[in-house]
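S.K.: Given next are the chains, with one letter for each unit.
Protein chains: 4
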Amino acid sequence: MSKYKLASLKEDGKRTTFKVENIEIGKDFLMIAGPCSVESEEQIMEGARLAKEAGANMLRGGAFKPRTSPYDFQGLGRVGLKYLRKAGDEYDLPIITEVLDVRDIYLVSEYADVLQVGARNMQNFTLLTELGKIDKPILLKRGMNATIDEWINCAEYILKGGNNKVVLCERGIRTYETFTRNTLDLSAVVAAKELTHLPVVVDPSHATGRREMIKPMSLAAVMAGCDGLEIEEHPNPCEALSDAKQQLTGEELKDLIKAVNETLKFRESLK
Amino acid sequence: MSKYKLASLKEDGKRTTFKVENIEIGKDFLMIAGPCSVESEEQIMEGARLAKEAGANMLRGGAFKPRTSPYDFQGLGRVGLKYLRKAGDEYDLPIITEVLDVRDIYLVSEYADVLQVGARNMQNFTLLTELGKIDKPILLKRGMNATIDEWINCAEYILKGGNNKVVLCERGIRTYETFTRNTLDLSAVVAAKELTHLPVVVDPSHATGRREMIKPMSLAAVMAGCDGLEIEEHPNPCEALSDAKQQLTGEELKDLIKAVNETLKFRESLK
Amino acid sequence: MSKYKLASLKEDGKRTTFKVENIEIGKDFLMIAGPCSVESEEQIMEGARLAKEAGANMLRGGAFKPRTSPYDFQGLGRVGLKYLRKAGDEYDLPIITEVLDVRDIYLVSEYADVLQVGARNMQNFTLLTELGKIDKPILLKRGMNATIDEWINCAEYILKGGNNKVVLCERGIRTYETFTRNTLDLSAVVAAKELTHLPVVVDPSHATGRREMIKPMSLAAVMAGCDGLEIEEHPNPCEALSDAKQQLTGEELKDLIKAVNETLKFRESLK
Amino acid sequence: MSKYKLASLKEDGKRTTFKVENIEIGKDFLMIAGPCSVESEEQIMEGARLAKEAGANMLRGGAFKPRTSPYDFQGLGRVGLKYLRKAGDEYDLPIITEVLDVRDIYLVSEYADVLQVGARNMQNFTLLTELGKIDKPILLKRGMNATIDEWINCAEYILKGGNNKVVLCERGIRTYETFTRNTLDLSAVVAAKELTHLPVVVDPSHATGRREMIKPMSLAAVMAGCDGLEIEEHPNPCEALSDAKQQLTGEELKDLIKAVNETLKFRESLK
Numbered sequence: 001m002s003k004y005k006l007a008s009l010k011e012d013g014k015r016t017t018f019k020v021e022n023i024e025i026g027k028d029f030l031m032i033a034g035p036c037s038v039e040s041e042e043q044i045m046e047g048a049r050l051a052k053e054a055g056a057n058m059l060r061g062g063a064f065k066p067r068t069s070p071y072d073f074q075g076l077g078r079v080g081l082k083y084l085r086k087a088g089d090e091y092d093l094p095i096i097t098e099v100l101d102v103r104d105i106y107l108v109s110e111y112a113d114v115l116q117v118g119a120r121n122m123q124n125f126t127l128l129t130e131l132g133k134i135d136k137p138i139l140l141k142r143g144m145n146a147t148i149d150e151w152i153n154c155a156e157y158i159l160k161g162g163n164n165k166v167v168l169c170e171r172g173i174r175t176y177e178t179f180t181r182n183t184l185d186l187s188a189v190v191a192a193k194e195l196t197h198l199p200v201v202v203d204p205s206h207a208t209g210r211r212e213m214i215k216p217m218s219l220a221a222v223m224a225g226c227d228g229l230e231i232e233e234h235p236n237p238c239e240a241l242s243d244a245k246q247q248l249t250g251e252e253l254k255d256l257i258k259a260v261n262e263t264l265k266f267r268e269s270l271k
Numbered sequence: 001m002s003k004y005k006l007a008s009l010k011e012d013g014k015r016t017t018f019k020v021e022n023i024e025i026g027k028d029f030l031m032i033a034g035p036c037s038v039e040s041e042e043q044i045m046e047g048a049r050l051a052k053e054a055g056a057n058m059l060r061g062g063a064f065k066p067r068t069s070p071y072d073f074q075g076l077g078r079v080g081l082k083y084l085r086k087a088g089d090e091y092d093l094p095i096i097t098e099v100l101d102v103r104d105i106y107l108v109s110e111y112a113d114v115l116q117v118g119a120r121n122m123q124n125f126t127l128l129t130e131l132g133k134i135d136k137p138i139l140l141k142r143g144m145n146a147t148i149d150e151w152i153n154c155a156e157y158i159l160k161g162g163n164n165k166v167v168l169c170e171r172g173i174r175t176y177e178t179f180t181r182n183t184l185d186l187s188a189v190v191a192a193k194e195l196t197h198l199p200v201v202v203d204p205s206h207a208t209g210r211r212e213m214i215k216p217m218s219l220a221a222v223m224a225g226c227d228g229l230e231i232e233e234h235p236n237p238c239e240a241l242s243d244a245k246q247q248l249t250g251e252e253l254k255d256l257i258k259a260v261n262e263t264l265k266f267r268e269s270l271k
Numbered sequence: 001m002s003k004y005k006l007a008s009l010k011e012d013g014k015r016t017t018f019k020v021e022n023i024e025i026g027k028d029f030l031m032i033a034g035p036c037s038v039e040s041e042e043q044i045m046e047g048a049r050l051a052k053e054a055g056a057n058m059l060r061g062g063a064f065k066p067r068t069s070p071y072d073f074q075g076l077g078r079v080g081l082k083y084l085r086k087a088g089d090e091y092d093l094p095i096i097t098e099v100l101d102v103r104d105i106y107l108v109s110e111y112a113d114v115l116q117v118g119a120r121n122m123q124n125f126t127l128l129t130e131l132g133k134i135d136k137p138i139l140l141k142r143g144m145n146a147t148i149d150e151w152i153n154c155a156e157y158i159l160k161g162g163n164n165k166v167v168l169c170e171r172g173i174r175t176y177e178t179f180t181r182n183t184l185d186l187s188a189v190v191a192a193k194e195l196t197h198l199p200v201v202v203d204p205s206h207a208t209g210r211r212e213m214i215k216p217m218s219l220a221a222v223m224a225g226c227d228g229l230e231i232e233e234h235p236n237p238c239e240a241l242s243d244a245k246q247q248l249t250g251e252e253l254k255d256l257i258k259a260v261n262e263t264l265k266f267r268e269s270l271k
Numbered sequence: 001m002s003k004y005k006l007a008s009l010k011e012d013g014k015r016t017t018f019k020v021e022n023i024e025i026g027k028d029f030l031m032i033a034g035p036c037s038v039e040s041e042e043q044i045m046e047g048a049r050l051a052k053e054a055g056a057n058m059l060r061g062g063a064f065k066p067r068t069s070p071y072d073f074q075g076l077g078r079v080g081l082k083y084l085r086k087a088g089d090e091y092d093l094p095i096i097t098e099v100l101d102v103r104d105i106y107l108v109s110e111y112a113d114v115l116q117v118g119a120r121n122m123q124n125f126t127l128l129t130e131l132g133k134i135d136k137p138i139l140l141k142r143g144m145n146a147t148i149d150e151w152i153n154c155a156e157y158i159l160k161g162g163n164n165k166v167v168l169c170e171r172g173i174r175t176y177e178t179f180t181r182n183t184l185d186l187s188a189v190v191a192a193k194e195l196t197h198l199p200v201v202v203d204p205s206h207a208t209g210r211r212e213m214i215k216p217m218s219l220a221a222v223m224a225g226c227d228g229l230e231i232e233e234h235p236n237p238c239e240a241l242s243d244a245k246q247q248l249t250g251e252e253l254k255d256l257i258k259a260v261n262e263t264l265k266f267r268e269s270l271k
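Protein chains in written order, with the working numbering: chain V, 1 to 271; chain S, 1 to 271; chain U, 1 to 271; chain Y, 1 to 271.
Bear in mind the hints are in silico, worked out from the structure with no lab data behind them. It is possible that some hints are incorrect.
Each pair may be met inside one copy or between any two copies, as identical chains are not told apart.
[As the list claims (entries may be wrong)] Pairs of lysine to aspartate or glutamate residues, derived as DMTMM-like cross-links and limited to a Cα-Cα distance of at most 25 angstroms, are as follows: (1) Lys3 to Glu212; (2) Lys3 to Glu42; (3) Lys271 to Glu90; (4) Lys160 to Asp101; (5) Lys14 to Asp28; (6) Lys245 to Asp72; (7) Lys5 to Glu262; (8) Lys160 to Glu90; (9) Lys133 to Asp72; (10) Lys82 to Asp135; (11) Lys193 to Glu212; (12) Lys19 to Asp89; (13) Lys215 to Glu53; (14) Lys254 to Asp149.
Generate the whole structure from the sequences, applying the supplied hints.
M.R.: Right, here's the structure in full:
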């Protein structure tokens, strides 16, 4: 009777939660931080140290990067995965990284705790189908021009395969507005939580593309009801090989997470 | 040097505030509530009573309604203004209403404390120019497809005429997404406060068009830094002559305003 | 039974035509050309001469200009209307110009043969209502973010007042694409002709904002079934006070109209 | 110096052409027709017969279908490829079909003459990279929300691998308009031919989603300068398993191709 056979929120209102190390996603707030790309062992180590110190509970870093131009930096690949794993282990942070290619699923799974499907691949149905067969959580970004309905149907592709550890991630949609990189659609968080039982995370870094907007949009996202945030942070944003304008410094991240935690406590008190 | 001669935030960081009755807009949080349209004396009286009781500090109600079809209800006109004024006086609430026609500015000014320019009229430059010459505050809604830059330029039209009491209002932009009526762009609140010294208000009713989203989006808007909210409320939403699906009951409004006030206190504590 | 009481194409398939001077709009192809703005008597005289020579049958020129910023050139106003009239008379071309302000309708009507409603004013319902009461043809541009349904409803506002001389004009819609100024939606021409009995004109100048696209898009528009074109042409495009990049020279216009006329003949032969 | 290292049109103005059987793509007009999906041997045989009879020179048919929901018909897979090949051989038509999965490239290449990359996979960079290594022409559809620049960069991914047989295909972009399935952007045809040396094809079936618009939009596309068309045609559109509303009958296709051929002749005469 439900609109989405497996993804729909059922009448009992029960929401999906699942463990990644000691975080119970869907219950504990997921605070992902780290650089856009893994650039070197030193950079990701330092990025991880800053993320940990700031209070993040998961480390991100791209090893395979989807880039508009084939001449842009495409990521370090397997070597990047190794560095990311090492940094996660060193600072006791589970790691999340993007899988671009259906043939890399097992490679990426060897290293990562959570696999990310990027916005450009949201409707890569063969990738989704294969990810339905593995036993790792999947963070599914909303496509730049995807309707909420299409996004949830993509989660359904993964669920249908038997993998029920799916996290949805709103990351901004493409509109005519050019002041921001994309337009963050926080009503999609409310919609996704109303329509499905899946945890919903927000990525204000890609959504806004502007450093000064990340904090207010993060706090707004918390009040919209999100279950986590994914924030880009870099030891030295100006030198970042990708997305330099939207990555926070360690100090900025610490300040952000502190405010997020207070807002979470406030949100809890409001119920 | 500023991008917008008059609207730009200057180096001193000074923000515009101004009084409407005993509310200091830009400093006190503006909590506008009331029905989409003034439908009858009883309806607006009851709407005002509920708004007051719920804790609103300004009453809205449309007397001149911009409607897609010429055969839809176009508002009660002058009679609607009278009822709205009477209701505002009865419950000691200043009133805000839309002015559609440059020829109605003086008529509307006689009754209303604040004049609203609707999204469809945002770039009605002759209207803006005339509103620059009067001594009443203007709430300028962002057009459905207006860039932030165009919106601020429209404020500039009013300011240029000598009227510096301008409030900006984000009300959702038109995108491909159809689950919500429009897409609420909260990053525009951050942008407008960063680029200008004007107060910025958010209308989650028109932005979402869905009753259940109004509360979470209102709290998110507060955390994004807005200076006020405009909420549609109706004594009997199901019977509303326009926008029935997005109007709150008195009870819902009371619950909303309570949460908004707590969130404001929390926001204050965060600084 | 029709969707639009007055605008809908009826079962008899009869289409609206009406005379402006010796052009039967809806039957004869309407070839409007002229500068974006009337800038001086010399400029519009020369613009008219070139338009006539190139084969246009109506002269355009803005006297009241809707501009994003209040500090941009706003048009010459009444003086511009006089120059435009003089140029039209000199070269025996009926004239079309935009009316921005409901209070200017009678002034503009004194001079112009056809009144244009610009994209930003498409839903200026008071303007539409007043234009319904006059006996001059109205060219109604589609709003930058207007659905086809909203656009036809705006025509309905004019028709409802008793003025049945309405021409629809597609001029590009706002999308995320930035290579072109707007995105020309030629399927809207087919839709408008299928849904209504009104003539439909296309403005490729504003739609593309790129000189080199105007000819191919004009020929494409003819094959999509349009009843006319509106083209910006300037004696000296580089010195134009507005829209310099999209105005054709006299030579380019002549080349364009020649190709349009051949395409029209071909279209006729195809039936 | 060129914006796109390999895709850019060089100063010599030389355009890419290449042979598929006896069609020289980029020089001969490419007229692709056939059903959305291969549904059965009989259906594709009959579809091919009608396509041939109508004057098409290439046969399309989906064997692997990207569908919004995992519960929708996903195509016949390898069996579909066999039927398609058989139908192409029977009626002496080269065949084009979509490849969804990087692991299927060699399978699809065994059967198909041209491989199609769908809109949802436009930025599936691993797929593009692998397609750069094979010796079959690739038809690259523009993503539903892709800028012209992103689209050309995706072609660059294929070219960079050494495969220079790339055809671009405009198939409509996603906008707020809901009357049509997408908004056909014919100015993108002009842009793509101005910026690159690659052939550009138009798919009015997916762009409009409305049977009655396919003919006028096809003729418009020809006048915009396209090098080919891709049209959905089905022996019995009403019973089609996908996209029923936009598939032409054999008769409609014949009528369309006749008009396209006359328009091509006219276009030639215009130069």
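S.K.: Take the hints in turn and mark each one as holding or not.
M.R.: Do the hints match the structure? See the list:
{"no.": "1", "hint": "Lys3 to Glu212", "verdict": "between (39 angstroms within a copy, 19 angstroms between copies)"}
{"no.": "2", "hint": "Lys3 to Glu42", "verdict": "neither (48 angstroms within a copy, 34 angstroms between copies)"}
{"no.": "3", "hint": "Lys271 to Glu90", "verdict": "neither (38 angstroms within a copy, 34 angstroms between copies)"}
{"no.": "4", "hint": "Lys160 to Asp101", "verdict": "both (20 angstroms within a copy, 18 angstroms between copies)"}
{"no.": "5", "hint": "Lys14 to Asp28", "verdict": "within (16 angstroms within a copy, 40 angstroms between copies)"}
{"no.": "6", "hint": "Lys245 to Asp72", "verdict": "within (16 angstroms within a copy, 32 angstroms between copies)"}
{"no.": "7", "hint": "Lys5 to Glu262", "verdict": "neither (37 angstroms within a copy, 38 angstroms between copies)"}
{"no.": "8", "hint": "Lys160 to Glu90", "verdict": "neither (36 angstroms within a copy, 39 angstroms between copies)"}
{"no.": "9", "hint": "Lys133 to Asp72", "verdict": "between (32 angstroms within a copy, 19 angstroms between copies)"}
{"no.": "10", "hint": "Lys82 to Asp135", "verdict": "within (20 angstroms within a copy, 35 angstroms between copies)"}
{"no.": "11", "hint": "Lys193 to Glu212", "verdict": "between (27 angstroms within a copy, 12 angstroms between copies)"}
{"no.": "12", "hint": "Lys19 to Asp89", "verdict": "within (17 angstroms within a copy, 55 angstroms between copies)"}
{"no.": "13", "hint": "Lys215 to Glu53", "verdict": "within (18 angstroms within a copy, 34 angstroms between copies)"}
{"no.": "14", "hint": "Lys254 to Asp149", "verdict": "neither (35 angstroms within a copy, 32 angstroms between copies)"}
Violated hints, listed in ascending order, are 2, 3, 7, 8, 14; each of the other numbered hints is respected by the structure.
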